[in-house]
Amino acid sequence: MSIVLRNNPLRLKKTNLTCSDNLLVKPSFGQIEKFSIPSLLDKKRKFFLHRLVPQNVNFFCYHAGRVKCFLFGFVKPQIVRQALRCILLIFVIASMSAEETWSQTVSPTDAANQEFLRQQERERVLRQQLEQRPDVRLPIPIVPDLNRLPLDESPCFAIQQIVLEGDASEKFQWALAAANKTEDNQDDVAFGRCLGTRGINLVMRRVQNALVNRGYVTARVLAEPQNLSLGTLKLTLIPGRLRSIRFAPGTSARATQWNAVPASPGDLLNLRDIEQALENFKRVPTAEADIEITPAEGPDAQPGESDLVIQWKQGVPLRLSVFADDSGAKATGKYQGGTTLSFDHLLTLNDQAYLSFNHDLEGDGSDPQGTHGFTAYYSLPFGYWLLGFTTSSNRYYQTVVGVNQDYVYSGESRNSDIKLSRLVYRDAVRKTTLSLSGWKRSSQNYIDDTEVEVQRRRMAGWEAGIAHREFIGAATLDLNAKYRRGTGALNALPAPEEPFDEGTSRPKIVMADAQLNVPFVVGAQHLRYTGTWRAQWNHTPLVPQDRFAIGGRYTVRGFDGENLLSADRGWLIRNDLGLALWETGQDLYLGIDYGEVAGPSSEYLIGTRLTGGILGLRGGYKGLAYDMFIGQPLNKPDGFSSVAGVVGFNVNWSF
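Going by UniProt numbering, the letters in the sequence shown line up with residues 1 to 655, in that order.
Honestly, the hints are just simulated from the structure, not real lab data.
C-beta: ideal position from N, C-alpha, C; glycine also.
Hints are not guaranteed to be accurate.
[Unchecked claim] Straight line, CA to CA, 27 angstroms or less: simulated BS3-like cross-link-like pairs of lysine-lysine:
#1 K171 x K181
#2 K440 x K482
#3 K282 x K622
#4 K440 x K508
#5 K482 x K419
#6 K622 x K313
#7 K419 x K282
#8 K419 x K508
#9 K234 x K171
#10 K282 x K313
#11 K234 x K181
#12 K440 x K419
[Unchecked claim] Pair ranges (Cβ atoms, derived):
#13 L420 x Q586: 36 to 44 angstroms
#14 A481 x G523: 36 to 44 angstroms
#15 Q586 x E412: 38 to 46 angstroms
Could you put the whole structure together from the sequences, leaning on the hints where they help?
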């Protein structure tokens with residue numbers, strides 16, 4: 001049997017080829033050439049590249065569970081467009097010996113996709129480390145009063161109605177409900193009761209505490225002289241307003257508060273605004289800040305008015321960190337290193353910026369394999385808003401052994417996004433943030449210095465998200481959900497998989513994650529449990545770069561990461577139990593992870609589930625932080641290749 005490749009779109013699915021079959025290449029602008037199936041694969045049945053001479057057309061085949069062939073090149077100008085459209089993808093099931101497993105043979109293209117997924121995970125972890133925002137939770141000045149309303153006061157007055165009057169009282173009518181509850185939320189109705197001095201004072205205290213619990217810490221509730229025999233108790237509200245915001249004497253001229261404090265003179269003073277301001281100041285790691293509420297000063301100061309006095313100082317506004325780990329792949333450099341330069345309060349706007357450069361540590365610059373890249377980030381707060389911009393570029397290259405000669409297969413990817421977020425709700429134990437971002441992503445792959453144009457990608461779109469943090473005693477729960485949508489913006493290109501309905505440059509993806517952090521004590525031992533859950537669902541076929549992948553230190557640990565399982569959707573859960581080693585700042589931890597993938601693209605995978613475990617030690621001393629671990633697969637599909645024992649490390653030195 002012979003299969004003819006002509007310059008027209010053609011796809012053969014599930015066509016069984018044997019070693020006696022032939023593959024005929026017939027571009028309209030060149031001579032027909034015949035290849036036997038064995039000649040398409042090298043001795044390891046991995047890869048083959050042939051150049052049609054003199055037409056300068058490349059014919060490229062590789063094997064990774066299916067034989068994939070690409071026809072590409074540069075021809076006469078009048079048929080360039082036709083030639084580029086004559087890219088041919090053939091997916092056929094290749095007959096292999098029983099001892100060989102398809103999915104374990106990683107082609108250069110699949111290696112490129114896996115390298116892209118690894119790079120995305122590394123960048124995600126880097127951003128989590130460098131873009132952490134502090135949590136400020138100020139104590140509420142309340143003395144709980146669990147007393148119930150007295151039943152036998154004398155003299156007393158029958159109260160049928162309680163009203164709240166005064167400045168801005170219409171905004172605080174909700175506080176009156178507290179008059180009918182004890183501090184531990186037990187029913188103790190004040191209406192229809194005979195209240196004396198003690199009862200009225202308790203009602204005022206309950207209403208005022210309700211205001212303070214909502215953050216109105218300078219609000220006061222009073223009962224002015226009145227005729228209670230009418231059955232109405234009138235409470236007067238002094239809400240507490242902000243008169244001025246100023247820095248303490250001697251504060252550096254670099255200090256800026258106008259975009260950090262989400263309140264202005266004349267506003268109602270709320271503790272939540274002060275917490276947000278402190279988070280905006282302290283998001284710059286080299287800055288320290290504190291805010292004091294003081295009585296308003298000056299001859300025109302009014303009752304209930306307060307001033308905010310800000311203590312602010314900053315050390316050296318530059319930070320440098322150097323890191324090294326073994327998170328790379330053997331083909332592109334197992335050992336990775338880099339440097340991050342951070343600029344704090346760069347424009348004196350409580351802004352944050354950093355530049356991070358990464359490079360493999362194994363090559364000497366002459367070896368045709370390795371990785372290098374950079375990430376740049378800048379963010380600026382404005383009250384409850386935060387605007388951030390990130391861009392990154394990464395390049396990898398590896399040597400691929402061919403039949404007649406070796407080739408350098410390389411790739412380059414670029415990512416950019418701009419994100420606007422707003423904290424829409426916060427109280428003493430929770431806060432919720434909404435976000436909207438625009439993103440752009442592109443990549444190219446090359447054989448030697450010739451671009452594989454069929455693999456060129458350019459995508460763009462938007463993403464909407466919601467993030468929620470809940471404080472449950474000493475525990476913290478984080479919940480996040482995002483919807484990602486690709487569009488045709490910014491000259492996006494159709495994905496090469498679109499003609500076959502196996503991917504699109506306009507994906508619709510739902511992503512979610514949750515993390516629970518629980519410190520606890522057993523006897524005299526301090527322990528901490530951290531559970532992380534991540535999931536992805538697709539509403540369109542996805543290109544390889546958008547798929548959910550498992551297997552490696554960033555997903556399901558215990559695997560070396562040389563091979564991944566990836567598909568359109570999936571989920572994973574990571575469990576860590578850490579034991580603090582006395583008060584040394586070091587933790588011994590045990591981790592067990594599980595993940596699975598699903599969807600149409602999982603049809604040809606060797607399996608869909610992985611379970612792994614690790615035992616590690618992490619900690620730090622002064623500017624040095626480290627994490628080192630050993631691990632192994634606990635459950636994997638038969639034939640899935642991963643070393644039996646995994647050893648990993650990560651070292652970071654900041655100064």
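Here is what the structure says about each hint:
Using a Cα cut-off of 27 angstroms, the hinted pair K171 and K181 holds, with the two alpha carbons roughly 20 angstroms apart. With a C-alpha separation of about 16 angstroms, the suggested pairing of K440 with K482 holds against the 27 angstroms cut-off. This hinted pair checks out: K282 and K622 have alpha carbons roughly 20 angstroms apart, not beyond 27 angstroms. For the given pair, K440 sits about 15 angstroms from K508 by alpha-carbon distance, which is consistent with the 27 angstroms threshold.
For the given pair, K482 sits about 13 angstroms from K419 by alpha-carbon distance, which is consistent with the 27 angstroms threshold. Proposed proximity of K622 and K313 is supported: the alpha carbons are some 21 angstroms apart, at most 27 angstroms. Between K419 and K282 the alpha-carbon distance is near 20 angstroms, which keeps this suggested pair within the 27 angstroms criterion. Restraint check for K419 and K508: satisfied, since their Cα atoms lie roughly 18 angstroms apart, inside the 27 angstroms limit.
For the hint pairing K234 with K171, the CA-to-CA distance comes to about 16 angstroms; that is within 27 angstroms, so the pair holds. Between K282 and K313 the CA atoms are separated by roughly 10 angstroms; this keeps the pair inside 27 angstroms, and the hint holds. Taking the CA atoms of K234 and K181, the gap is near 18 angstroms; set against the 27 angstroms cutoff, the hint holds. Taking the CA atoms of K440 and K419, the gap is near 12 angstroms; set against the 27 angstroms cutoff, the hint holds.
For L420 paired with Q586, a C-beta distance near 39 angstroms keeps the hint of 36 to 44 angstroms intact. For the pair A481 and G523, the supplied restraint of 36 to 44 angstroms holds, since their beta-carbon distance comes to about 39 angstroms. In this structure the hint that Q586 and E412 lie 38 to 46 angstroms apart at CB holds, the actual value being about 40 angstroms.
No hint from the list above goes unmet by this structure.
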